[in-house]
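*Asks:* Residue strings, one per chain:
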Amino acid sequence: MMRTLLTVFTKEVIDNFRDRRTLFSALIMGPLFGPLLFAFVINLSIEQSLTGTDNTLELPVIGQQNAPTLMRYLESQNIDVVAGPADRDAAVKAVESGLHDIVVIVPDEFGDQLAGSIPARVELISDQANAQAERDARRARNALQDYSQELAAIRLVARGVSPFVLRPINVDDVDVSTPSGRSAMLLGMMSYFFIFALLMGGMYLAIDTTAGERERGSLEPLVSLPVTRDSLMLGKIAATCVFMALSLLLSLGSFYVALSFMPLQKLGMTPNFGPEVIFAAFLILLPFILLGAAIMTLVASFTKSYKEAQTWLSVVLIAPTLPILIVSILTLRPRLEFMFIPSLSQHLLLVDMIKNEPVNLLHAGISAGSTLVFGAILTAICARLYRREGLLG
Amino acid sequence: MITVDAVCKSFGAIRAVRGVSFSAPDGKITGLLGPNGAGKSTTLRILYTALRPDDGTATIDGADVVTDSLTARQKIGALPHSAGLYPHLTARENIAYFARLCGLDRVSIEQRVETIVELLEIDDFADRRTKGFSQGQRTKVALARALVHDPQNIILDEPTNGLDVMATRSLRELILKLKAAGRCVLFSSHVMQEVSALCDDIVIIANGRVAINDSADGIRTRTGCDNLEDAFVRAISMVGAA
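Residue numbers (this note's numbering), protein chains in the order written: chain E, 117 to 509; chain F, 882 to 1123.
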């Protein structure tokens, strides 16, 4: 039994190391897809958030001469006031066409209204459907709001009233998130990339050892050898596990390298992702490998051809995201009962670790235990399926 | 020695084999002859334990193919219809893989692979990966793989399919060599000439039943036809009528 298992295992590993498609998906596609996509998303969000505060906002204003003090105030807020379009119609057109994101119009009567203590009208033209423009518009609106507040305070002081009457309540925002905690939101999706890489690593092996072998016509000679089908099956699942583990390790490594190149500190994030975390993450995901190998082999065993297996296994690739997605949308905190759900339990444990929170060993134990039990059940079903003659097609 | 006793096998509503009985003794070549879809492959697949019979029994050197299938498989070398190889392994590795699975130890694997490579004259391409092999080369390697553990009983399902004249000839010589070594060879074919030239015993199968089981001469006499092809047609029509 052991000898057969080992023979099948060795052959499948050698065979698949020679297969370009398997190698590509296990060693390149799986491990690199995550970090690359991640680097792209992170860089995009860094770029977006940085343009928010540090950059000078260029603000076209029509009728600058009507409010020289306001213009000086805006300049002091790191807003560069430039000449706007000729008139209001031209301004609306310019914003519509995307030539300008926002245009501020100061009407001629602004000065008189201000002097007469009538609410002075300022128009801010923007396209609220445009998210990028909306951020700039908000900045301009806030600056105008602040100026208005300041004027109000001056007026009250001139009348001998404390400006605090306008402020019955002072709201203070206290943000308790740590830099690691902030990372967790974005880095939460990392756990799925690991699971994806893991499954991707074994996908072609699972197909090749079942549907592929049947399509090639090598399955029938194989099962007519004096060995039990159980041991053939287990050898194949073991080989699939090895490729999955390899792909997972590479994926963890490539993330480690990729993160060191990403300016995450600029986003106020310091993910806890050192070598010891990588090791712990590997241990947390290790039980999932058996489950992944068994489920992929099981699904591929049911299919009639290589192509059909590929189609169904793509669905299997997405399946582990479902529990993660549901919990993320509902923003549920880790709970004991979640630890019984494979993929979700691994995700929650990884997020905790990246947040630099102590890993609950009971949770980790339940996660590993229940995932292994699921994996063992599926492996048993695979073996059972392999005993059926219908398997040969 | 292979014995088949009243074996039946259905696939859903299709009754592929309906009570086939015959035996293939050691030191003889037994041919399973029949038109397409007669139940030849199904019978052979039951013998090399890929399928389980619905009814009836079959034994390989006394080992039942259902209740003692592991022992039965140990005694068979099977070449299934359109047997596939592992394209990323060399011919030699393909053969050695099966040898290891048959339980041979490291030293005897090397010796056996060497012997079989020589016997089947596949030396020229033994160390090439089998991807892109011709049909003839593939069949030879698959045959070498089936024979590597030196089985007493050899089951070949349409082995000459897709082979050219030279390859067919060398296969025929090999089958005769196996016979001379006292092996039991059972092979299926739908090619009359092939069967009549090689076989000691011929089992003609049609509609899942044995139409006639005799030597080539015996069949000619019993059907009253001089020509084996005519005899074949008559034997089949006899089953069709029954």
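Wrong hints could be hidden among the right ones.
[Claimed, not checked] Computed Cβ-Cβ distance ranges for the label pairs, DEER-style: (1) E:Phe418 / F:Val947: 24 to 32 angstroms; (2) E:Asn476 / F:Ile895: 55 to 63 angstroms; (3) F:Ile895 / E:Phe418: 16 to 24 angstroms; (4) E:Val431 / F:Ala1061: 23 to 31 angstroms.
Since the hints were made in silico from the structure, they are not lab data. Please read these numbers as outputs of a predicted model, since none were measured by experiment. For glycine and all other residues, C-beta sits at the position ideal for the given N, C-alpha and C.
*Asks:* Are any of the numbered hints broken by this structure? If so, which, sorted upward?
*Replies:* 4
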